[in-house]
Amino acid sequence: MLDTADFSSRLQEIIAAHLPMEGPLLPILHAVQAEWGHIPEPAVPVIANALNLGRAEVHGVVTFYHDFRAVQAGATVIKVCAAEACQAQGGRDLVQATLRAFGLKDFGTTLDGRVTVEPIYCLGLCACGPAAIVGERLVGRASVERIQEAAQ
Amino acid sequence: MKVYVPRDAAARSLGSDQVAHAVILEASRRGVSVDLVRNGSRGMVWLEPMVEIETAEGRTAFGPMTPADVPALFDAPAKHPKALGPVDQIPWFARQTRLTFARVGLIDPLSLADYEAHGGLSGLRRALEMDGDAQIDEMKLSGLRGRGGAGFPTGIKWDTVRLAHADQKYIVCNADEGDSGTFADRMLMEGDPFTLIEGMAIAGVTVGATKGYVYIRSEYPDAIFQMTEAIRIARLNKLLGPMLLGTGPAFDMEVRVGAGAYVCGEETSLLNSLEGKRGTVRAKPPLPALHGLFGKPTVVNNVISLATVPWIFANGAQAYKDFGLGRSRGTIPLQIAGNVKRGGLFETAFGMSLGEIVEEVGGGTASGRPVKAVQVGGPLGAYFPASKFATPFGYEEFDGQGGLIGHAGVVVFDDGVDMLQQARFAMEFCAVESCGKCTPCRIGAVRGVETIDRIAQGDAAAMPLLVDLCDTMRDGSLCALGGFTPYPVMSALTHFPDDFARMKEAAE
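Keeping their order, the protein sequence lines are chains A and B.
Counting in the numbering used here, the final residue of the first sequence is number 152, and the numbers go up one at a time with none missing.
Counting in the numbering used here, the final residue of the second sequence is number 508, and the numbers go up one at a time with none missing.
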């Protein structure tokens with residue numbers, strides 16, 4: 001769990017580093033997520049206070065955007081493109097096959113916490129689909145085998 | 001020996017990093033000195049990773065390369081099994097008119113010297129010598145229209161911002177390229193980021209804005225990296241800063257990263273997102289040109305619109321206007337994708353027919369099966385059957401056929417596609433991505449999925465309901481997400497009725 005003293009001083013550092021920006025909330029949330037892998041609930045009132053916003057406003061922003069997580073993802077995050085150009089190249093089957101390969105019935109995280117499989121709507125790899133991103137590694141002309149290899 | 005291995009995301013997704021690594025290893029094994037450049041992609045994605053070598057006859061290409069193909073490059077390149085010959089003689093490449101993408105794939109994207117050596121900064125230098133009226137006239141004369149999809153004349157938008165009185169104005173670049181089947185913004189930012197910087201600087205000078213933002217979607221980590229680096233280098237070399245190029249007015253810019261919301265590609269949602277709010281749509285008017293970012297006059301343009309500006313200023317508005325068809329002037333970077341043999345980025349003057357694009361340039365489907373449908377303009381674009389292949393590529397021409405060119409993505413589907421499923425997906429996507437502000441989009445999309453499911457189960461009474469729902473969404477939605485979702489749905493229903501009727505018969 002989060003160590004309270006460390007958490008709060010690191011959070012203050014992140015906020016202070018972004019405060020001079022115009023419209024700093026999204027950059028702060030990105031930095032918080034990069035640090036802890038999700039937006040920890042205790043961070044919300046602190047950010048709200050620093051930006052002179054209501055907690056509800058910050059909560060509203062956090063929950064509006066697909067990228068911001070309420071809980072940490074699995075150790076490896078696999079995002080498989082579910083958009084049209086990849087569908088035209090077998091993307092629907094790849095999504096299902098990837099879920100099966102990791103023992104998942106639907107998008108989400110495996111019980112052992114090792115892998116999260118999620119949909120993504122376009123990586124801009126539409127001429128070499130179906131596409132996926134495994135961690136930070138882009139996979140064009142993806143197959144279950146290539147996704148598994150990248151997830152190793 | 002000078003070797004080019006693309007660092008473009010599509011090339012990387014196909015293993016270009018491993019190829020680049022193999023080039024370094026092989027060179028050191030042989031004791032050969034190699035100058036390795038990580039260029040952008042030339043756009044021939046089916047040949048990626050495409051490696052180039054500089055020779056006396058110009059740059060020759062090899063692809064698609066694997067690390068195992070690398071050692072032979074050092075032996076007899078001309079006899080290499082993957083040799084493609086000189087890049088500019090590859091027919092697919094030679095057939096293009098590359099203005100906006102002239103330098104993409106050609107230069108080292110992060111070398112300002114390389115950029116200048118290939119004509120970079122001459123547009124900005126010329127703009128700095130002109131007065132405000134002349135700058136605006138140049139933009140208006142060029143006929144450039146918004147490449148994000150709306151097609152609004154760029155010069156008129158700029159003039160509105162220029163004539164507005166305010167202590168602060170902004171240039172916002174919309175790089176939230178969320179449409180499936182499009183990747184021109186990504187390729188431009190990865191392959192020639194200084195062009196975008198120069199275009200934004202010219203916009204700033206013209207309208208009197210001193211600050212710019214590039215809002216890039218988080219799904220584009222490579223573009224974010226390249227743009228951020230390019231801005232840092234530009235600032236270091238005084239291209240950006242208190243005095244543009246050391247002589248002009250102040251202009252600086254920064255990258256902002258989206259957070260996975262498709263609707264933020266809509267300009268007012270994007271502005272809200274930049275301000276740190278939920279990415280909900282704002283009602284217009286007031287126009288962003290007068291009441292934009294933080295309530296200040298703001299130019300919001302797509303990457304390709306802004307990246308075309310330097311060419312217009314360097315070569316003259318008339319030269320740009322001379323390309324094109326009807327009211328669609330200049331060139332358009334087509335993105336040919338989906339189930340297609342030769343997919344990639346193909347820049348050409350407006351006016352090429354859809355059939356030519358799909359069959360001749362794209363080479364038909366990759367699966368070898370007949371083309372059933374082509375979706376043009378992203379998730380909000382219409383599905384065209386082969387009977388509409390004569391439609392010339394232009395704003396009005398596609399509009400006249402019940403479609404739109406959008407951001408110029410062309411996604412090809414073979415006869416394996418079930419158009420009812422595609423219509424359902426359009427509604428489903430709208431439901432997932434709706435910002436929730438207006439009812440026709442927020443509720444309509446959910447009802448749309450349900451209604452299509454009823455049709456799929458053979459309920460014919462649901463058909464007129466779907467048509468009615470589409471009318472409501474089109475006429476009543478606040479922005480293009482809810483307003484244009486009927487395009488893919490209705491085009492699927494109109495042009496491919498069998499896919500909707502088949503289910504009905506099965507149930508009867």
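In short, the hints are calculated from the structure, not lab data.
Glycine is no exception: its CB is placed at the ideal position from the N, C-alpha and C atoms.
Check the hints yourself; a few may be wrong.
As the list claims (entries may be wrong) - Just the calculated beta-carbon pair ranges, DEER-fashion:
#, chain 1, residue 1, chain 2, residue 2, range
1, B, Glu-116, A, Ala-101, 46 to 56 angstroms
2, B, Asp-475, A, Arg-69, 53 to 63 angstroms
3, B, Asp-88, A, Ser-143, 53 to 63 angstroms
4, B, Val-32, A, Asp-6, 16 to 26 angstroms
5, B, Leu-141, A, Gln-96, 44 to 54 angstroms
6, B, Arg-95, A, Asp-6, 57 to 67 angstroms
7, A, Thr-110, B, Asn-315, 31 to 41 angstroms
8, B, Glu-356, A, Gln-96, 34 to 44 angstroms
Tested hints:
For B/Glu-116 and A/Ala-101, the Cβ-Cβ distance of about 49 angstroms falls inside the hinted range of 46 to 56 angstroms, so the restraint holds. Taking 53 to 63 angstroms as the suggested C-beta distance range, the pair B/Asp-475 and A/Arg-69 does not conform, at roughly 37 angstroms. Our hint of 53 to 63 angstroms for B/Asp-88 and A/Ser-143 is violated, since their Cβ atoms are close to 34 angstroms apart. At roughly 51 angstroms, the beta-carbon separation of B/Val-32 and A/Asp-6 lies outside the given 16 to 26 angstroms, and the hint is violated.
Between B/Leu-141 and A/Gln-96 the CB atoms are about 53 angstroms apart, so this pair conforms to the stated range of 44 to 54 angstroms. About 60 angstroms separates the C-beta atoms of B/Arg-95 and A/Asp-6, a value consistent with the hinted range of 57 to 67 angstroms. Our hint of 31 to 41 angstroms for A/Thr-110 and B/Asn-315 is violated, since their Cβ atoms are close to 56 angstroms apart. A C-beta distance of roughly 36 angstroms is found between B/Glu-356 and A/Gln-96, which places it inside the suggested range of 34 to 44 angstroms.
The structure is inconsistent with the numbered hints 2, 3, 4 and 7, although it conforms to all the rest.
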